[in-house]
Amino acid sequence: MKTIRGRLLPSALLCLCVALAGSVAAPVALPQTTIEINEASAEIGELLRLGRELERERRWGEALSHYEDSLRKHPADASLRRRLDYSRLHYDVVRRYVDRSYGELLDRTSLEEALNLYGEVLTKIQTHYVKSPNWKTLIVYGTNDLEVALNEPAFRQRNLPAADDLRIDQFRYELRRRMAEEVVLSRSAAMEEVRRIALLAQQRLGAEPAAVAMEYTCGAAGALDVYSTYLTPDQLNDVYAQIEGNFVGLGIEIKASAGTLLIVRVIPGSPAERAGLRGGDRIVSIDQQPVKDLPTDKAASLLQGAAGSIARLAVLSGDQTRSVSVRRDRVEVPSIDDAQIIDPAYGIGYLKLTCFQKTTARDIDAALWNLHRQGMRSLVMDLRGNPGGLLVTAVEVVDKFVDNGTIVTTRGRSPREDLVYTAHATGTWSVPLVVLIDGNSASAAEIFAGAIRDHRRGTVVGERSYGKGSVQGIFPLESSSAGVRLTTARFYSPAGKPYSEIGVSPDISVHQVARPAPGQVAIAAPAADAFLEAALQVARQTVAQRQTPR
Numbered sequence: 018m019k020t021i022r023g024r025l026l027p028s029a030l031l032c033l034c035v036a037l038a039g040s041v042a043a044p045v046a047l048p049q050t051t052i053e054i055n056e057a058s059a060e061i062g063e064l065l066r067l068g069r070e071l072e073r074e075r076r077w078g079e080a081l082s083h084y085e086d087s088l089r090k091h092p093a094d095a096s097l098r099r100r101l102d103y104s105r106l107h108y109d110v111v112r113r114y115v116d117r118s119y120g121e122l123l124d125r126t127s128l129e130e131a132l133n134l135y136g137e138v139l140t141k142i143q144t145h146y147v148k149s150p151n152w153k154t155l156i157v158y159g160t161n162d163l164e165v166a167l168n169e170p171a172f173r174q175r176n177l178p179a180a181d182d183l184r185i186d187q188f189r190y191e192l193r194r195r196m197a198e199e200v201v202l203s204r205s206a207a208m209e210e211v212r213r214i215a216l217l218a219q220q221r222l223g224a225e226p227a228a229v230a231m232e233y234t235c236g237a238a239g240a241l242d243v244y245s246t247y248l249t250p251d252q253l254n255d256v257y258a259q260i261e262g263n264f265v266g267l268g269i270e271i272k273a274s275a276g277t278l279l280i281v282r283v284i285p286g287s288p289a290e291r292a293g294l295r296g297g298d299r300i301v302s303i304d305q306q307p308v309k310d311l312p313t314d315k316a317a318s319l320l321q322g323a324a325g326s327i328a329r330l331a332v333l334s335g336d337q338t339r340s341v342s343v344r345r346d347r348v349e350v351p352s353i354d355d356a357q358i359i360d361p362a363y364g365i366g367y368l369k370l371t372c373f374q375k376t377t378a379r380d381i382d383a384a385l386w387n388l389h390r391q392g393m394r395s396l397v398m399d400l401r402g403n404p405g406g407l408l409v410t411a412v413e414v415v416d417k418f419v420d421n422g423t424i425v426t427t428r429g430r431s432p433r434e435d436l437v438y439t440a441h442a443t444g445t446w447s448v449p450l451v452v453l454i455d456g457n458s459a460s461a462a463e464i465f466a467g468a469i470r471d472h473r474r475g476t477v478v479g480e481r482s483y484g485k486g487s488v489q490g491i492f493p494l495e496s497s498s499a500g501v502r503l504t505t506a507r508f509y510s511p512a513g514k515p516y517s518e519i520g521v522s523p524d525i526s527v528h529q530v531a532r533p534a535p536g537q538v539a540i541a542a543p544a545a546d547a548f549l550e551a552a553l554q555v556a557r558q559t560v561a562q563r564q565t566p567r
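In the numbering used here, each residue's number is its place in the sequence shown (first place is 1) plus 17.
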């Protein structure tokens, strides 16, 4: 899920994721067989069934979100992982072909220019990616991208309208046979192989060879890991806007849900808020086009537009549908969603940090001084749902609370990526800290929580964090207005522990259960926010201990 300017992205993160028991014989003359179904396996089976339904309906954005959520519950399941990868490939193809900037790029790109672009992306990977590339693997993933594209109506309508299913299947078979036999040992060999495949697709199917080469470009970046990707010109601009904290759009966070676009959050002060949109509302049509009849990303792309233009929405609130017109405008995205004293008796401040962007350090300074003037004696820093952001900003924010020692260490393939970021005593806040995290706290949020935990600077409360322990660099491409996002390093806590696929484990785990396991906190059912209530308990205890005479 991302803050959009009219574009829907899955829960991807900003730079810096039927077994049966054996039968048993009953002790009677005629044995009976009892089959016990493993509950986890049964749940996985149901999750796969629901995902396949979304796939059959070509609702790739929803399928991708569904499998991501499912893997949070069952991270080791290979079947869910395969369906996730398959859905992501389809989703990426559809997303590219509803992207105006990608279509314009294809319109003006020859095969030779597309091959030069492919070669430049390979050079970026060879130079900057955290691991040495395997050229054959990049070609294989590009072939997977092409095979998926050949099955997508948007690609076929644009690039091979005259090809029939039989010829496409024959071409697929020919491609697979080539991949089994081909040896690719260098960047130049990869480029030459893509040239041959593009010309073969033109010969067999009448395909646009530049479009075929572009699938290999996108496939090469996407083959590396879930955070590395090719960025269309508009997507590259989106990334820069997210880093700067402003963009032109409506100012909402959305995700696909049941044939609608569910508004997860409305940015304060945005055009959407002024128009009366609220979190929990569902967009059912955009400019009289029903969302349920459109691919998810196509529907989300209709929310885009120039400053001053109008988006006419049909919005479902509860069981009432209403018409809403929203004028697109520049949206300033605050990195702090809420800052207030939530317990005046104990002087407990609360700060909800939504991201780590260029303005965050300045925003936090202003918020902390304001809370200080109101009598803050302890601070709850809420990082739940925070997807991360800039590495340097995470370091700056930690440095406001930790006076010395290591904040984070990065290690990459290149020695220039091996860096140690340390704290400085000047300007450090000594206020007692409680940090709230959940399974969606990631990247820069994990750097902050991990540093606070390792330095024993505060208490981390909540759930184990996401586990995104890698740094991405954004690289514009000289041969076009596009770019690539590549993982350049992995980062480690002050204690030297990796974050990748491990995350930050809280000091106090919160679960709404009747009988908590050891080390967990049970919260009474009436609490509106169990995590926040647990954090308040810790903060109150800290303040009370400081007030107790010794």
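Please keep in mind that the hints were generated in silico from the structure rather than gathered at the bench.
Even for Gly, the Cβ is constructed at its ideal location relative to N, Cα and C.
Possibly wrong hints are sitting among the right ones.
Claimed, not checked - Ranges of calculated distance between the beta carbons of each label pair, as one might list FRET restraints:
1) Q554 x E74: 43 to 51 Å
2) A323 x Y190: 25 to 33 Å
3) L216 x E495: 37 to 45 Å
4) Q220 x P432: 41 to 49 Å
To be verified - With a straight-line Cα cutoff of 27 Å, these simulated DSSO-like cross-link-like pairs (lysine-lysine) come out:
5) K272 x K315
6) K375 x K417
7) K514 x K148
8) K272 x K90
9) K309 x K272
10) K90 x K514
To see whether the hints hold, each was checked on the structure:
Between Q554 and E74 the CB atoms are about 46 Å apart, so this pair conforms to the stated range of 43 to 51 Å. Between A323 and Y190, the C-beta spacing of about 46 Å breaks the proposed range 25 to 33 Å. The hint said 37 to 45 Å for the Cβ distance between L216 and E495, and at roughly 25 Å that hint is violated. Between Q220 and P432, the C-beta spacing of about 46 Å keeps the proposed range 41 to 49 Å intact.
A C-alpha spacing of about 13 Å is found between K272 and K315, which places the hinted pair at or below 27 Å, so the restraint holds. For the proposed pair K375 and K417, the alpha carbon gap of about 15 Å is at most 27 Å, so the pair holds. For the suggested pair K514 and K148, the alpha carbons sit about 20 Å apart, so the restraint of at most 27 Å is met. Between K272 and K90, the direct Cα distance comes to roughly 19 Å. Compliance with the 27 Å bound is thereby established for this hinted pair.
Between K309 and K272, the direct Cα distance comes to roughly 13 Å. Compliance with the 27 Å bound is thereby established for this hinted pair. The hinted pair formed by K90 and K514 meets the criterion: a straight-line CA distance of about 23 Å does not exceed 27 Å.
When the structure is compared with the earlier hints, violations turn up for hints 2 and 3 and for no others.
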